[in-house]
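Protein chains: 2
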Amino acid sequence: MDYQGLLADRTTLMQTNAIREILKVVSNPDIISLAGGIPSPASFPMDIIQELTQKVLTKYESSAFQYDFTEGLLPLREQVSILLKTRGIQALPDAVNITSGSQGALDAIAKLTISKGDKIALEAPTYLGAISAFNPYEPCYIPMDMDNEGLIPEALEDTLKTHAIKFIYLVPTFQNPTGRSLTLERRIQIADIIQKYNVLLIEDDPYSALRYKKDPLPAIKTLAPEHVIYISTLSKIFAPGLRIGFYAAPKFLRQWLVLIKQGVDLHTSTFNQALAAEYLEGDYISTHLPRIIDIYKPRQKAMMDALNRMLPRGFSCAPSDGGMFLWVTGPEEFDALTLYHKAIEKGVAFVPGQFFYTNPEDGLKTMRLNYTMADEATIEIGIEKLTDAIGAIQQ
Amino acid sequence: MDYQGLLADRTTLMQTNAIREILKVVSNPDIISLAGGIPSPASFPMDIIQELTQKVLTKYESSAFQYDFTEGLLPLREQVSILLKTRGIQALPDAVNITSGSQGALDAIAKLTISKGDKIALEAPTYLGAISAFNPYEPCYIPMDMDNEGLIPEALEDTLKTHAIKFIYLVPTFQNPTGRSLTLERRIQIADIIQKYNVLLIEDDPYSALRYKKDPLPAIKTLAPEHVIYISTLSKIFAPGLRIGFYAAPKFLRQWLVLIKQGVDLHTSTFNQALAAEYLEGDYISTHLPRIIDIYKPRQKAMMDALNRMLPRGFSCAPSDGGMFLWVTGPEEFDALTLYHKAIEKGVAFVPGQFFYTNPEDGLKTMRLNYTMADEATIEIGIEKLTDAIGAIQQ
Numbered sequence: 005m006d007y008q009g010l011l012a013d014r015t016t017l018m019q020t021n022a023i024r025e026i027l028k029v030v031s032n033p034d035i036i037s038l039a040g041g042i043p044s045p046a047s048f049p050m051d052i053i054q055e056l057t058q059k060v061l062t063k064y065e066s067s068a069f070q071y072d073f074t075e076g077l078l079p080l081r082e083q084v085s086i087l088l089k090t091r092g093i094q095a096l097p098d099a100v101n102i103t104s105g106s107q108g109a110l111d112a113i114a115k116l117t118i119s120k121g122d123k124i125a126l127e128a129p130t131y132l133g134a135i136s137a138f139n140p141y142e143p144c145y146i147p148m149d150m151d152n153e154g155l156i157p158e159a160l161e162d163t164l165k166t167h168a169i170k171f172i173y174l175v176p177t178f179q180n181p182t183g184r185s186l187t188l189e190r191r192i193q194i195a196d197i198i199q200k201y202n203v204l205l206i207e208d209d210p211y212s213a214l215r216y217k218k219d220p221l222p223a224i225k226t227l228a229p230e231h232v233i234y235i236s237t238l239s240k241i242f243a244p245g246l247r248i249g250f251y252a253a254p255k256f257l258r259q260w261l262v263l264i265k266q267g268v269d270l271h272t273s274t275f276n277q278a279l280a281a282e283y284l285e286g287d288y289i290s291t292h293l294p295r296i297i298d299i300y301k302p303r304q305k306a307m308m309d310a311l312n313r314m315l316p317r318g319f320s321c322a323p324s325d326g327g328m329f330l331w332v333t334g335p336e337e338f339d340a341l342t343l344y345h346k347a348i349e350k351g352v353a354f355v356p357g358q359f360f361y362t363n364p365e366d367g368l369k370t371m372r373l374n375y376t377m378a379d380e381a382t383i384e385i386g387i388e389k390l391t392d393a394i395g396a397i398q399q
Numbered sequence: 005m006d007y008q009g010l011l012a013d014r015t016t017l018m019q020t021n022a023i024r025e026i027l028k029v030v031s032n033p034d035i036i037s038l039a040g041g042i043p044s045p046a047s048f049p050m051d052i053i054q055e056l057t058q059k060v061l062t063k064y065e066s067s068a069f070q071y072d073f074t075e076g077l078l079p080l081r082e083q084v085s086i087l088l089k090t091r092g093i094q095a096l097p098d099a100v101n102i103t104s105g106s107q108g109a110l111d112a113i114a115k116l117t118i119s120k121g122d123k124i125a126l127e128a129p130t131y132l133g134a135i136s137a138f139n140p141y142e143p144c145y146i147p148m149d150m151d152n153e154g155l156i157p158e159a160l161e162d163t164l165k166t167h168a169i170k171f172i173y174l175v176p177t178f179q180n181p182t183g184r185s186l187t188l189e190r191r192i193q194i195a196d197i198i199q200k201y202n203v204l205l206i207e208d209d210p211y212s213a214l215r216y217k218k219d220p221l222p223a224i225k226t227l228a229p230e231h232v233i234y235i236s237t238l239s240k241i242f243a244p245g246l247r248i249g250f251y252a253a254p255k256f257l258r259q260w261l262v263l264i265k266q267g268v269d270l271h272t273s274t275f276n277q278a279l280a281a282e283y284l285e286g287d288y289i290s291t292h293l294p295r296i297i298d299i300y301k302p303r304q305k306a307m308m309d310a311l312n313r314m315l316p317r318g319f320s321c322a323p324s325d326g327g328m329f330l331w332v333t334g335p336e337e338f339d340a341l342t343l344y345h346k347a348i349e350k351g352v353a354f355v356p357g358q359f360f361y362t363n364p365e366d367g368l369k370t371m372r373l374n375y376t377m378a379d380e381a382t383i384e385i386g387i388e389k390l391t392d393a394i395g396a397i398q399q
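Line order of the protein sequences matches chains R and D.
Residue numbers for the first sequence, in the working numbering: 5 to 399.
Residue numbers for the second sequence, in the working numbering: 5 to 399.
Do not take every clue at face value.
Copies of one chain are not kept apart here, so a pair can be met inside one copy or by any two copies together.
[Unchecked claim] Straight line, CA to CA, 25 angstroms or less: simulated SDA-like cross-link-like pairs of lysine to any residue:
| no. | residue 1 | residue 2 |
| --- | --- | --- |
| 1 | LYS301 | GLN70 |
| 2 | LYS350 | PRO335 |
| 3 | LYS217 | GLU384 |
| 4 | LYS89 | MET5 |
| 5 | LYS217 | ILE42 |
| 6 | LYS59 | HIS292 |
| 7 | LYS255 | LEU11 |
| 8 | LYS165 | PRO147 |
Honestly, the hints are just simulated from the structure, not real lab data.
In this text the structure is predicted, and so the values were computed from the model without any measurement.
Isolated chain R, as found in the complex:
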């Protein structure tokens, strides 16, 4: 039968994620992969899973395996409310909702707000998972310039003056792909601008707990609470495979977002929500999070040091105080996709930065390097191979 004729108009906008294809290539164990975007399995609290399961079975019995409310499991909402308080965000348990990963929040927000052709303003480069959540609803993207201090506030204000924007999407802290963070001064400026222009900001914050240097920065949500939907996840501080995300949103929007999630998956796994509630309530996180940081912090340092030592003239790595990625920019004539193929030959993989831009002509001389999946020695060898490859294509 004619399956092609069954596709909706929107489907033309969707395409295979190029990075996904890259990740398939580099599953070859002979290649050092700095291409991934996932946490180290060593960061999962495997030693307490049986204990958490036992606690859930004792406390919840069969209700942990029953259908539950779309809003989220109440004990988890209570714990997330407490977690948000440690980040300076005031949200009572009934103002917090649970989603199937932060991806579930991005999909629901897009479904709620985007009519075909609506404009979304975002950092260039930006998080690809957000693009894959937004694309099916057929928006236009207005990319905004960043530098090493994050989004440039003037770029935001220019965008808001020129375009009617449905919402702004930002990853202000340890951004994927760049590892960069918005400075405190700019957070205050951006909070002022979104209030001045009365525009909604989606603040996606998966990484802020993974801080290796300096003091925490306030979420923009704390500076303009009525203008921000704050999204976060337990994927980087508990386990991604459990698919537990959450958000704090203004009440009017929250009610709609819950209704939308009901049509998408009814609710997030009750059992996994109960495990997450026990993880937070038992304060396992206060001993486990420092262990995660103990794994990643030396890896970040090893990569940063190796890059600073080995990268040829004209290449630079953006400063970063946490997260999972470093961002390298090459000189004017450099093409990261050409390097990618040479690097695979040399036995190391990364993601060419161009894939993180909505404008296909941007980011050609940039690359994203992940440091969570390899140990320090491997990272050092990987960067050596990478600089070898740079040498080879520059000859």
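Once you've looked at the hints, dock chain D against the given chain R.
Only chain D this time, still in chain R's reference frame:
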């Protein structure tokens, strides 16, 4: 700020699920609820959860808590492929995909296929969860008549002659809300019709394993494999709170459906998929499913017997060989919503059937009764209260 102005055009089509509101009312423990639509917690295999968890931790270690492929965890896809074979459906593991409940499959199919105004043909009445998955994509519904033998094939053929239909949505076996099943003869007729008209059928089959009488019926998927997406779930034969659904679809559509799911939730919980794989691989289901049937079969019989004995003249209950629901139709002048309010006074709740129709004028004299959540004695008292209430409004 003006939150209302942020809503997409599609959002106007979404509305609070009326049944959800009813279920909130009847959480009052003094009311016997025949209104629910959920499995009995006594049907969950609580005795083996620790064992399954231990097996998963031993076999998968940290990979059960890592990100995984959107298509689904391979060992679970292998097990589902075997399960489908027992239902006569030939689908290799890579032709099976896992979703976050069958709701996740319904959302992805709708997102893939429905452009605004596209026509969806469905049974009247139909499953409300499907409507809440489809609505955000702005389809029109073409309801088709059913009788006690399921969808009337002539109604389907008339619909296909008159309308360009994007897909047909059916729950052919132990339908929610009616408990009715499509006969073998009609399955064959419908398989012929969809092939003749080259139209896609979504066959939603959550209940067929819950059979209390007579022999199994073949899935329509077995009769017209290239024209059917077959959807099912482990919610009724393992545990709904784990949110594990699956589907078998033609390859062209499957590739798109996976891409869509990636934007919605990246993938379904790895841990829960691993638990489900162990549940099936260890063949726990062959001892556990008969236990589930041992709980529900006498409850169905108790409700059927009580209805046959007590319902006044002019009321009838549709025959049903399995599932979770019975469907009662009253005489011409009967209004089930009026009865609902009187029944709550008398201490029993059900769902007025009108909520399961897309046309608001239909189904006014029908009601859905659930028998999974109350034991036989309670069901008997519930039906007595219900007939009392009928008597009271008929005076």
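Taking 25 angstroms as the upper bound on the Cα-Cα distance, should LYS350 and PRO335 be classified as within, between, both, or neither?
Result: close within a single copy only, 21 angstroms intra versus 79 angstroms inter.
Treating 25 angstroms as the Cα threshold, decide for LYS301 and GLN70: within, between, both or neither.
between (40 angstroms within a copy, 20 angstroms between copies)
Using 25 angstroms as the alpha-carbon threshold, which applies to LYS217 and GLU384: within, between, both, or neither?
Result: close within a single copy only, 21 angstroms intra versus 67 angstroms inter.
Pop the pair LYS165 and PRO147 into one bin, within, between, both or neither, using alpha-carbon distances up to 25 angstroms.
within (14 angstroms within a copy, 48 angstroms between copies)
Within a copy, between copies, both or neither: which one fits LYS255 and LEU11 at a CA-CA cutoff of 25 angstroms?
between (35 angstroms within a copy, 14 angstroms between copies)
Within a copy, between copies, both or neither: where do LYS217 and ILE42 come within 25 angstroms Cα-Cα?
within (21 angstroms within a copy, 49 angstroms between copies)
Reference check for the pair LYS59 and HIS292, CA-CA at most 25 angstroms: within, between, both, or neither?
Intra 18 angstroms, inter 24 angstroms, cutoff 25 angstroms: intra and inter.
For LYS89 vs MET5, is the C-alpha pair at or below 25 angstroms within one copy, between two copies, both, or neither?
between (55 angstroms within a copy, 24 angstroms between copies)
Taken one by one, the earlier hints all hold for this structure without exception.
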